[in-house]
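Q: Chain residues, written in single-letter form:
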Amino acid sequence: MSSATRATAESGTDSLTIVEAVRDGLYTEMSADESVMVLGEDVGKNGGVFRATEALYEEFGGDRVVDTPLAESGIVGTAIGLALSGMRPVAEMQFMGFSYPAFDQLVSHAARMRSRSHGQYSVPMVVRAPYGGGIRAPEHHSESKEAFFVHEPGLKVVSPSTPSDAKGLLIASIRDPDPVVFLEPKLLYRAFREDVPTGRYEVPLSDAAIRRTGTDVTVYTWGAMTRPSLIAADNVAEEHGIDVEVVDLRTLSPLDVETIVDSFTKTGRAAIVHEAPKTGGVGAEVATTIQEHALCYQEAPIERITGFDAPMPLHALEDYYLPQAVHIQEGILEAVAF
Amino acid sequence: MSAYDDADQHVNSEPTQLDDDPIRVLDEDGNVLPNAAVPDLSDEELLAMYEDIALARRFDQRAISLQRQGRIATYAPMTGQEGAQVATSYALDDQDWLFPTYREHAAKYVHGMSLESLLKPLRGIREGYAIPDDVNVMPEYIPIATQLPQAMGMAWGQQLQGQTDSAVLCHFGDGATSEGDFHEGLNFAGVFDVPAVFVCNNNQWAISVPRDRQTASETIAQKAAAYGLEGVRVDGLDPLAMYAVTRDALAKAKNPTGDERRPTLIEAVQYRYGAHTTADDPSVYREEDEADAWRQKDPLDRLRNYLSAEGILDEAVDAEIDDRVDAQIDDALATVEAVETDPERIFEHVYEEMPERLREQRDELLALRDKYGDDAFSEVLE
Numbered sequence: 001m002s003s004a005t006r007a008t009a010e011s012g013t014d015s016l017t018i019v020e021a022v023r024d025g026l027y028t029e030m031s032a033d034e035s036v037m038v039l040g041e042d043v044g045k046n047g048g049v050f051r052a053t054e055a056l057y058e059e060f061g062g063d064r065v066v067d068t069p070l071a072e073s074g075i076v077g078t079a080i081g082l083a084l085s086g087m088r089p090v091a092e093m094q095f096m097g098f099s100y101p102a103f104d105q106l107v108s109h110a111a112r113m114r115s116r117s118h119g120q121y122s123v124p125m126v127v128r129a130p131y132g133g134g135i136r137a138p139e140h141h142s143e144s145k146e147a148f149f150v151h152e153p154g155l156k157v158v159s160p161s162t163p164s165d166a167k168g169l170l171i172a173s174i175r176d177p178d179p180v181v182f183l184e185p186k187l188l189y190r191a192f193r194e195d196v197p198t199g200r201y202e203v204p205l206s207d208a209a210i211r212r213t214g215t216d217v218t219v220y221t222w223g224a225m226t227r228p229s230l231i232a233a234d235n236v237a238e239e240h241g242i243d244v245e246v247v248d249l250r251t252l253s254p255l256d257v258e259t260i261v262d263s264f265t266k267t268g269r270a271a272i273v274h275e276a277p278k279t280g281g282v283g284a285e286v287a288t289t290i291q292e293h294a295l296c297y298q299e300a301p302i303e304r305i306t307g308f309d310a311p312m313p314l315h316a317l318e319d320y321y322l323p324q325a326v327h328i329q330e331g332i333l334e335a336v337a338f
Numbered sequence: 001m002s003a004y005d006d007a008d009q010h011v012n013s014e015p016t017q018l019d020d021d022p023i024r025v026l027d028e029d030g031n032v033l034p035n036a037a038v039p040d041l042s043d044e045e046l047l048a049m050y051e052d053i054a055l056a057r058r059f060d061q062r063a064i065s066l067q068r069q070g071r072i073a074t075y076a077p078m079t080g081q082e083g084a085q086v087a088t089s090y091a092l093d094d095q096d097w098l099f100p101t102y103r104e105h106a107a108k109y110v111h112g113m114s115l116e117s118l119l120k121p122l123r124g125i126r127e128g129y130a131i132p133d134d135v136n137v138m139p140e141y142i143p144i145a146t147q148l149p150q151a152m153g154m155a156w157g158q159q160l161q162g163q164t165d166s167a168v169l170c171h172f173g174d175g176a177t178s179e180g181d182f183h184e185g186l187n188f189a190g191v192f193d194v195p196a197v198f199v200c201n202n203n204q205w206a207i208s209v210p211r212d213r214q215t216a217s218e219t220i221a222q223k224a225a226a227y228g229l230e231g232v233r234v235d236g237l238d239p240l241a242m243y244a245v246t247r248d249a250l251a252k253a254k255n256p257t258g259d260e261r262r263p264t265l266i267e268a269v270q271y272r273y274g275a276h277t278t279a280d281d282p283s284v285y286r287e288e289d290e291a292d293a294w295r296q297k298d299p300l301d302r303l304r305n306y307l308s309a310e311g312i313l314d315e316a317v318d319a320e321i322d323d324r325v326d327a328q329i330d331d332a333l334a335t336v337e338a339v340e341t342d343p344e345r346i347f348e349h350v351y352e353e354m355p356e357r358l359r360e361q362r363d364e365l366l367a368l369r370d371k372y373g374d375d376a377f378s379e380v381l382e
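Residue numbers (the UniProt record's numbering), protein chains in the order written: chain A, 1 to 338; chain B, 1 to 382.
If we strip away everything but chain A, and leave its shape as in the complex, we get (with noise of 0.2 Å):
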């Protein structure tokens, strides 16, 4: 597993979930740095529907950790101003399905407040919003549509799929000099622990994690996704003998190119496995990126094992909207077999 923490003064470590995590991020910048304020729905004196930001708001108070009327294009236009006015906010949307009402702001303006300004101003602003589905929610509550903010430019988009990545990856975001989407699996928010470094340290948002290392062939995947992939990747060990590598993005703009392209070197495969739909899906960025840069390395045509292009159906089906490790070696075995 690549690690590419960097760990600061504190030593130690604690067990947390992805959920405490993320919490534990948001109280470890909020009490290094003045600037570092939260808002959103909720997210003051309920702790946040997930309980993301719980016990922050008796420990930073209501002017560090804010309850706003329920309006998202006011919350990240809000936090767009109060960046420009030098705060760091992070933006808390309930649920990506509810962000869209935010997007103008975000695609409009966010984006491009550098780039229009000719590099006056900028916009040190994350939005966090859990996103996915598998946890039997309501409809427009277990989106997967990290493509539509990959797909401007001046964004940059991270997904992390483990508690400590979902720290230090949290901490670069708020220390980065341009708008974050940080969009957290909902499905794994509680679904295992894992031990985080106490204290400040930073994941750049450069780097993909290799989380198993492999010859035969390799899984591109991020989010909720890496963990199928992984008993996937078990599976087809045993029962094929087949060689897995699995890689993890986390960071899904700017893309780890390097990472990308030097285990596809490696394997010559390619399977990519994503839980929105497949067409337009950021697998198809992931699948060219391969074809430009190793062309000739390739054995076989690169599989997608994805969602379908459906809306994510009701909780009585969604397992069967989802990828899973059955999908997902069904997949590899394509890519092999060719």
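Hints listed in this document are in silico derivations from the structure and should not be mistaken for laboratory results. For every residue, glycine included, the Cβ atom is placed at its ideal position computed from N, Cα and C. A few of these clues could be false.
Computed beta-carbon distance windows for the label pairs [stated by the list, open to error]:
#, chain 1, residue 1, chain 2, residue 2, range
1, A, GLU299, B, GLU184, 28 to 34 Å
2, A, PRO254, B, GLU184, 46 to 52 Å
3, B, ARG295, A, SER11, 35 to 41 Å
4, B, ASP375, A, GLU334, 42 to 48 Å
5, B, LEU160, A, GLN298, 32 to 38 Å
6, B, ASN31, A, ARG190, 50 to 56 Å
7, B, TYR351, A, PRO254, 51 to 57 Å
8, A, ARG190, B, GLU184, 36 to 42 Å
9, A, ARG190, B, ARG357, 45 to 51 Å
10, A, HIS151, B, VAL284, 24 to 30 Å
Subject to a maximum C-alpha distance of 35 Å in a straight line, what follows is the list of computed DSBU-like cross-link-like pairs (lysine-lysine) [what the hints assert, rightly or not]:
#, chain 1, residue 1, chain 2, residue 2
11, B, LYS254, A, LYS145
12, B, LYS252, A, LYS266
13, A, LYS145, A, LYS45
Model the placement of chain B on the given structure of chain A, informed by the hints.
A: Same frame as chain A, but now just chain B:
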């Protein structure tokens, strides 16, 4: 909160004396207030309205319990708001359109949707969103305030096509008044003077954020003035007042007199007794005795007291109603729990005609299911 408390001081005065005083017909005990006009409903209609409110109350209790048992997923409770929901739908004619939120279970039921159709989505079955041809109800809107511009557009379109006998009624909560779509929808409605009635179910809380952190306006009804609409503040826990005001607003929308404007913004002053949804714990952000105070104004109790005093309802009839609503809910639940949905449903109704790429994706899924069985499709959730 405060606006309602202030209004309480005027509880025995003329219902429309002050602009920000909610209109009432019944006092908290169900007595008709002096100078209040009881709406022109027959005894049978009043009894039916009472039974529907009782059904809604029971449905809500059962749904919360079913969620706790894991038999349905996240549910948005409506206790406290059933009176306004049922009464506003009683004010609709069949040809009028209803734009509900995720909490308007009773409003949808009264305007023609079945109990089964309400329960299916809660079981994760999208087929429950199917709307019969003769029912003018839109699917529930889960994003906040998005339905207002659409409701305006529906009303406008009907007007453009000369359908002057139908209007549109659009529900939303107090939180929705913060969203841009609220302002855009009402502004358009005013500019194009469309036959629409906008009902704000001001239940005082948008999850954890109280009304006074949503808006610095003294009332929500007063926001109507900014868009050139009529704004009316009503006691949302008084079903007879809600019926009368909505009925008048719909009549004006279809057939205004003089220089009256067609659209109306109704602020139904009420309270969400319970949680925002079954995923929410209100004890984190509000005091329980606040809910207790509002329970003293309960719509079901008030209407029961009124009907009893009028000799329309007695204990025996009330007991029959209780049995009947329980049986209805039991039947609907049994039907819905027997429904099994099929993975092919994922691919239906995305487009009128299924594109080739979707057909291929469907066939791949079905082949994978044949090969590995259904158990292989639960690993992500484990």
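Q: Hint by hint, say whether it matches the structure.
A: Going through the hints against the structure:
no.: 1; hint: GLU299(A) <-> GLU184(B): 28 to 34 Å; result: violated, 54 Å
no.: 2; hint: PRO254(A) <-> GLU184(B): 46 to 52 Å; result: violated, 35 Å
no.: 3; hint: ARG295(B) <-> SER11(A): 35 to 41 Å; result: violated, 54 Å
no.: 4; hint: ASP375(B) <-> GLU334(A): 42 to 48 Å; result: violated, 22 Å
no.: 5; hint: LEU160(B) <-> GLN298(A): 32 to 38 Å; result: violated, 57 Å
no.: 6; hint: ASN31(B) <-> ARG190(A): 50 to 56 Å; result: holds, 52 Å
no.: 7; hint: TYR351(B) <-> PRO254(A): 51 to 57 Å; result: violated, 34 Å
no.: 8; hint: ARG190(A) <-> GLU184(B): 36 to 42 Å; result: holds, 38 Å
no.: 9; hint: ARG190(A) <-> ARG357(B): 45 to 51 Å; result: violated, 35 Å
no.: 10; hint: HIS151(A) <-> VAL284(B): 24 to 30 Å; result: violated, 38 Å
no.: 11; hint: LYS254(B) <-> LYS145(A); result: violated, 42 Å
no.: 12; hint: LYS252(B) <-> LYS266(A); result: violated, 74 Å
no.: 13; hint: LYS145(A) <-> LYS45(A); result: holds, 29 Å
Checked against the numbered hints listed earlier, the structure breaks hints 1, 2, 3, 4, 5, 7, 9, 10, 11, 12; every other hint is satisfied.
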